[in-house]
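Top to bottom, those sequences are chains A and Y. Under numbering that gives the first Met the number 0, the letters of the first sequence match residues 0 to 256, in that order. Under numbering that gives the first Met the number 0, the letters of the second sequence match residues 0 to 252, in that order.
Warning: the hint list may mix true and false statements.
Stated by the list, open to error - As a list, the in silico DSSO-like pairs of lysine-lysine whose alpha-carbon atoms are at most 27 Å apart:
no.: 1; chain 1: A; residue 1: 173; chain 2: A; residue 2: 89
no.: 2; chain 1: A; residue 1: 40; chain 2: Y; residue 2: 112
no.: 3; chain 1: A; residue 1: 40; chain 2: Y; residue 2: 102
I should point out that these hints are in silico values taken from the structure, not numbers from a laboratory.
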Amino acid sequence: MPKKINLSLIITLVVLVFLYLPIMTVVGLSFNTSSNSLIWKGFGFDWYQNIWTNEPIISSFQRTIFVALVTTFFSLLIGTTISIGLNKMKAGGFLRTFSTAPAIVPDLVLAIGLLTTFSTISLSLNLRTVIISHTVFCTAFVVAIVLARIGLMDPSIEEASTDLGAGPFKTLFKVTIPQLMPALIAGAVLSFTLSMDEFVIAFFTNGPETPTLPMVIYSMIRFGVTPEINVLGTLLLAISFVGVILAQRIGKVADSI
Amino acid sequence: MLFMSVLTAGRFGGVNTPINFDNFSRATDSIFVQVILNSLLIAGATAILSLLIGFPTALFISRLSRKWQIILIVAIILPYWTNFLVRTYAWLVLLNNEGIINKFLRNIGLIDKPIEMLYTSGAVIVGMTYLYLPLMILPIYAALEKIDKNLTEAAYDLGSSAWKSLRTVSIPLAMPGILIGLIFVFVPSLGNFVVPELLGGGKTVMIGNLVRDQFLKARDWPFGATFALILTLILVILISLQSYVSKRVNINA
């Protein structure tokens, strides 16, 4: 089938250019020394040095990392508990779908749902509400991943552990959790990345005094193309790329354990 | 149970108005109906465009050696893991009147005046296709990859042309993947308010923009929730349709 392969080869190459040209343009422009980022003046790291002294960016970055860490902790805790529970209960399709619903519902709908909930119980909007919201959102992903892994587990191993005299806690920590490790790591990496990049939910459930990094980027982008965003975009790209590669490596190592 | 409260609370907003259906009749005003239709059109165009370039890509990848399959799939997912605001912003840079594409076209003498590409529906569609294309390629690739290679080869050996074996073997067998891809692209496109605002420049208003404006600008939460409900309903109908069709396809196959 030589002819068809050629056509799909061309389309594949076009797709790769389509996917990489825009972000590579941003990366290229981030090394521009000009203050008008669309006019090339020279190669340099001027704006990279500049970014470390940009207070709103640095403090929002710290807030974002903080939110992502706390969110990951709670999502993992709640998500794993729900998954083990659902598995023990032999819960049917409805409960499973129900627990993963926040991952399927459009983020905008989830965001306004959370916003109205917070306002109903008069919770003021700040980082705490963002953490709660992100936990609701990320827990769903953790449940989806951990449930898939539990499905592959052989229940007779847990039974064997109980028969041999291990208490329920010992079985949980010595048998169940080690078997779930790859799923737990994947869930943690996913929760952290999702929370760090999340904009729509944070936009609705955060207060004005404590913007997260995506919120700061959003307000910057609205003013058009600036050198700061080129640099920030490049740094975020680098972080994501390293993160994906790390996750792959960890996944491989965890799978081989 | 937290989830339930979230979903039900979303429906009628945080204000204690007597329950009535005024908001729904308000929502059928022609201007809002237009926004809903426009959103369906843009999200639909995004899904179709993604399918048109995503299917051949998935097909090509599924026929490579195992090693190259993994390399290309990672290459396609990688941009997806980047912040979506940064990816949207990248198109702001490209499509700008002073942007790379216009400069390039002017330098090779194709045009004298910059083409107005930014702030059009076209820019919104291209931007969203860029954002969600990996979500189209992955499920189709997963479906194609599972097809027994012998089937397509058998069709070819039995005298089917390449195009015919594609049409009668690969496409029907990949149908569940295609449907999932269409949903994966359509769903986030329909509710998106950032891309229409940044690349559409406020000229392209979608359901997401209406919801956002009702909540944050007009402060009419119940009315905003009405649109969110309409959005959810459209998506629920589509997803049920998708699972129905893909069950039918599976029975036939």
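Here is what the structure says about each hint:
1. A:173 to A:89: holds (22 Å)
2. A:40 to Y:112: holds (23 Å)
3. A:40 to Y:102: Within the cut-off at roughly 15 Å; holds.
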